[in-house]
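Peer 1: If you want the building blocks of each chain, they are given just below.
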Amino acid sequence: SAAEQLSGFICNGKDTLFDQRYFITAIWVWTLAVLAVFEWGYQIDLTDLALLAASFNGFLGFIIGLRINLCYGRWWEGRCLWGKQIFASIELMQQSASWIDDTKLYDTTRRYIVLFAFACKALLRDEPFCSTKKDQRLLLHGIVPLTTAEEVRNINDLAGWLPYFCLEVLRKTVTKAAQQSADLKSDNGLANFQFLQMNSLITDLATCIGGSIRVKNAPMPLNTTLILKFLIFVTLSMNPFLLYDLLGLAGTMGVNFGLTIVYNLLTGLANELEQPFGHDLGDLNLEAFCQAILSQVSAVHERRQYALVVSEDG
Amino acid sequence: SAAEQLSGFICNGKDTLFDQRYFITAIWVWTLAVLAVFEWGYQIDLTDLALLAASFNGFLGFIIGLRINLCYGRWWEGRCLWGKQIFASIELMQQSASWIDDTKLYDTTRRYIVLFAFACKALLRDEPFCSTKKDQRLLLHGIVPLTTAEEVRNINDLAGWLPYFCLEVLRKTVTKAAQQSADLKSDNGLANFQFLQMNSLITDLATCIGGSIRVKNAPMPLNTTLILKFLIFVTLSMNPFLLYDLLGLAGTMGVNFGLTIVYNLLTGLANELEQPFGHDLGDLNLEAFCQAILSQVSAVHERRQYALVVSEDG
Amino acid sequence: SAAEQLSGFICNGKDTLFDQRYFITAIWVWTLAVLAVFEWGYQIDLTDLALLAASFNGFLGFIIGLRINLCYGRWWEGRCLWGKQIFASIELMQQSASWIDDTKLYDTTRRYIVLFAFACKALLRDEPFCSTKKDQRLLLHGIVPLTTAEEVRNINDLAGWLPYFCLEVLRKTVTKAAQQSADLKSDNGLANFQFLQMNSLITDLATCIGGSIRVKNAPMPLNTTLILKFLIFVTLSMNPFLLYDLLGLAGTMGVNFGLTIVYNLLTGLANELEQPFGHDLGDLNLEAFCQAILSQVSAVHERRQYALVVSEDG
Amino acid sequence: SAAEQLSGFICNGKDTLFDQRYFITAIWVWTLAVLAVFEWGYQIDLTDLALLAASFNGFLGFIIGLRINLCYGRWWEGRCLWGKQIFASIELMQQSASWIDDTKLYDTTRRYIVLFAFACKALLRDEPFCSTKKDQRLLLHGIVPLTTAEEVRNINDLAGWLPYFCLEVLRKTVTKAAQQSADLKSDNGLANFQFLQMNSLITDLATCIGGSIRVKNAPMPLNTTLILKFLIFVTLSMNPFLLYDLLGLAGTMGVNFGLTIVYNLLTGLANELEQPFGHDLGDLNLEAFCQAILSQVSAVHERRQYALVVSEDG
Amino acid sequence: SAAEQLSGFICNGKDTLFDQRYFITAIWVWTLAVLAVFEWGYQIDLTDLALLAASFNGFLGFIIGLRINLCYGRWWEGRCLWGKQIFASIELMQQSASWIDDTKLYDTTRRYIVLFAFACKALLRDEPFCSTKKDQRLLLHGIVPLTTAEEVRNINDLAGWLPYFCLEVLRKTVTKAAQQSADLKSDNGLANFQFLQMNSLITDLATCIGGSIRVKNAPMPLNTTLILKFLIFVTLSMNPFLLYDLLGLAGTMGVNFGLTIVYNLLTGLANELEQPFGHDLGDLNLEAFCQAILSQVSAVHERRQYALVVSEDG
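Chains as they are written, first to last, in the numbering used here: chain D, 1 to 314; chain S, 1001 to 1314; chain G, 2001 to 2314; chain P, 3001 to 3314; chain E, 4001 to 4314.
Since the hints were derived computationally from the structure, they do not count as laboratory data. Incorrect hints may have been included.
Label-pair distances were calculated between CB atoms; the ranges are [to be verified]: (1) P1219/S x P219/D: 23 to 33 Å; (2) D2101/G x N3154/P: 44 to 54 Å; (3) A3288/P x N4069/E: 26 to 36 Å; (4) D102/D x Q3180/P: 55 to 65 Å.
Taking lysine-lysine pairs in the DSS-like style, the calculated list, with each CA pair at most 27 Å apart, reads [unchecked claim]: (5) K3084/P x K1216/S; (6) K3104/P x K3176/P; (7) K1176/S x K3229/P; (8) K1216/S x K1229/S.
In this text, a Cβ means the ideal position worked out from N, Cα and C, and glycines have one as well.
Sequences and hints are given; from them, build the entire structure.
Peer 2: What follows is the structure, given as structure tokens:
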């Protein structure tokens, strides 16, 4: 699998601009052609240029390093956003368990916190909501089903980004819980402050999915990719001229073929880190995140009585 | 288009200091002059200086890399600000849909959230509000028009930055909604907390446009650009002296012509990233952002009834 | 111990991919084999390639430096999260000491602030709660025991992440304190604002443990590690070819053996910084952090009366 | 002006440690002396050392690059703080225009938001408040004067940092507005929430000027500047020894004279970026910022009636 | 003093691992020994290795540069935390001056804001509170003494971190002020919101001292220091072998002695920046910060009446 992954990088066919296999082939053919001309005796006067080659390739490495760093920054931002989402979901569930007394409203909250996570996953992967076998098993056919096939259909029929719909349901539910609470014990305004806190958490959840959509929809500007491609192309095309005198036939071939692969590896890595929400080996494991939310939300639900007892008995 | 883009970078006539075409021409003429003198036999005693050339050009590459990194930071900041603006707009719309009962106030809010986005676009591009065909089609001639030609005229007649005017309308409307709400159900203060949350979102919107104006109006200090130009000029002027002995006529010409183009490509890229709100290929697609706000706000409006039903029925 | 540590890095057997001892052995055997072939007269035509070796190894060093920088960022983030946790715990304790009058609720708060810290430590180290001798001495057998063996058993039996359970108890307790307070002096809403502040601190504590879990569970993407390994492997395998002409037998052996060790040292350091919550020499001293929370919480408890006197007498 | 600027950098007499003109002169005299000794035949045995010179100067360039990066960070921080200040001022003005009904209090707020900006400018430039011709024209002799000569005298007689005095006036005024509002419509607490929001903005303004004072008063530690000077001095002093064999008389002179100028250019740039609040070409244009606040605050004042109409008529 | 400082860096005896003087001596003795063996004719076959030396020393410089950058980040964080503390102290004082009417409570607040700053300084420098002559002059023997010798004794007798005690007093005082205020004008809840704001500022102060303690108590992981020492040691030990052929006796001695000093200078600088709260030349001037708080708090106190007049008269 690691070998597949490596070969996948080197010959990554999903490149946005043009097929990397053609790129590698072109560079290699060019290298062979230049070397053939040199070997057959037609030599232009270019001697001892290895220093130039080292400078050009070194500068290219520096630029590629910068790009990997920026793309890693995006990957890490995606990871942090999902980390924040997991913990905001747990906290919203904890506050619901502590403060919402009405069973129906509490259940709606509990269900939609989990549905929100799966809706985010679906949106970020351009899939319909709850369309994979695994999601259906977890949400529809669990011991306590969290949704119904009909509700899934209804949700998928709605317009706009689905995670936001879940947030609208959560907001409405929390508002209603606060209103009921405020109606009952109107002599102190505590429920209002609880409403404020729960609403802030819903805003946090909105920030998380908003940030993830931004990471997904904001590839680095096309220019940077174009120019990097251009620089790689120029450098690799010039290498046979610059290296032939020093390295001879075998050495030049080896070095330039090797560099072609290494540059493709590194730009392939950068491309993959740039889009952290896919299905590749290095991408974020959104399934595991959704399951973590599901299981921790269930654990809060189970611990609900015990926490109440402890806080009362000291 | 990619080729146009590349040639546009290399001969970018819009440079703030002086025309890059003159710059390239000057460097090339100078290179040819120095080489001609060398070829015609007048040689000063400068041998084996390629190492110096490599050091100078390497240091220049490092400085240019730093500048690209800083300019990319500005581009990314612009992108993040618009991302935040999109999601704050959606959230403000969601809260309006949940909490504002008065139809008129709700409609004003809905309209001005969208108008704010288009006003931001107009301000950042130094255009009048709603002046492009596409904007007019979306705002004036949609199925449900969001504004009228008269209102557009009135808004364009106002003094100051127009997006702030939209925020003033939103703030007034939200205040009025809270006052009505508070008057009606004065026995609990829930509406006040809702007012607090909506007002915070309006502040978020103000922060977004404020940050975008800052990015637009704060080019990097003139000194840095001047000094970078100076260093590029000195390095490229010295290159023919340093490289002639090693590379000969053809090699020196090739390398120095090539480096002139590469440096112009990279500084052109940096210049473009520095101003992310224009119409260039790599600039932020403000039209798409405005349309995203328009369509998601409409989607929230459409889902309004269904969200209410779900939150009540569990 | 420093020597052990160094040798531990060089031959770090806990590597996730494959045993580093095999890696070093393989490289060394390969180096010796290549050199043996060269010494016995079979020479391919590769002369004066030290410049290439310097470029490759330099680029590798740059990449390794980037990785150490990123991993150090994770270590520092872990440190900052625990710093924030310590000070949020002290502050929550201070607010409890100032604002909660009911002795029982105050005691529960005081106990669970400390238990939360130890639960975090246990979770981050994959140990059961309060399972080490030292923890038991501090929590069970102190002058004022903070928990009982039975409670520890009960807590360990609960589902989900235990630190969150502590937060649930704290939240319930704070809510109850605010309700009592509000019931008694319902003529001003001060208790509600105190509730808001204490709840924000509990959210801060949740953010801290959430962030720590993220740092623990989000290793850098497997690709980056794989590719770095691959680059190190290629570079070290090529070194004997490139260096033999310049350095001869002894020099090549010395340099390549040395580089193998240095690269393993640096990647070992990066690996260790990547996971800051373990038991290694450079890892964060979670025991000391827990003890700091324990002792400062006790100090706030002791100073409680004196602070009251000072604030009244001026 | 660009030429003046460049020469100003090279011979920047305002250096904190010692006069840069002496520095350049010393290095050039030293270079000439060493070269004279070499030319007159006394040669010590140092051949082919250009590589060392390249390494030393390259490392120096890396360190200088880091310093420029850090200093640019300070410049950008200063720019961001003023950006935030502009937008917090506008927003505070908007909220005043929406929520403060009492004309006198509203006028005081409007005046002191502008005075605060000019007081910040004066403090950051170590000038008395409203002492320049341009400030007096804008504040005293406008169509609607914002202050009087007497008030300016009174303010300048006060102790401490003047911007903070403006904030005290704003805070008092806002408090009074909230009290009046609360007295009148005590049946709902909306004015309290408005007070909360306006107070947060005043805190934002305090954060901005606080950050600016920090940037102004926190030069980089003296050690770093000292050590950098020391490294530049050592490198430039060693260059003639290392370069003479390779470059000969003219080359060494040219390169070392040129490097002296380039290093001074770059450190001069760093020094200027380090203190962004002065009067130099690259410094922040505080006058323009103050004028932006003045004109936008006036625009909000003018739009006040129209915003009210729109929010009511929809 | 600059010379002392420089020599202090080079022979910094306070190094945590072992005395730097021994380190320098050892390297120099080793260099001389290796050179003596070479001069006396016993030569092993290592020619033309200057390129390797340049690579090794260049990589080392890169790593040292990274470390200086990280340590500077800590210094700057310490500076920012104290900047925030100064401005949060002034703002808390302003709010007290505006909102607390009771003279006794107002005085306690005013006194403890200043005492907090001096307690922070004492804690960060491991000194008892108010133990230096200068502190006693400012706090005990000023025109208006801020504390008494007895109170200083009492405070020093308390357990735990003293700055937190000051915060407890401030919190209690503010709570009492809010309660009195709320009791008197219970018909509007404005005092509650003032309480909220003042409490947030106390939390800000706690964050500042918490962050400073973290910076002080979190040296970089021991491993990084160890490995850097190891790399410096190896590089400097290998230099004589690699440089002798190129540089000869005098050149090798000069370069290696010089590099020893430069590396010690730079690591010494990094060590000093790592601990920004000491008494060294480059450390933060905590005395000046405390005095700034003292004088600005006094200025707010003096301006109190005038600000009231202005806000009333417009």
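Peer 1: Of the hints given before, which are not true for this structure?
Peer 2: 4, 7
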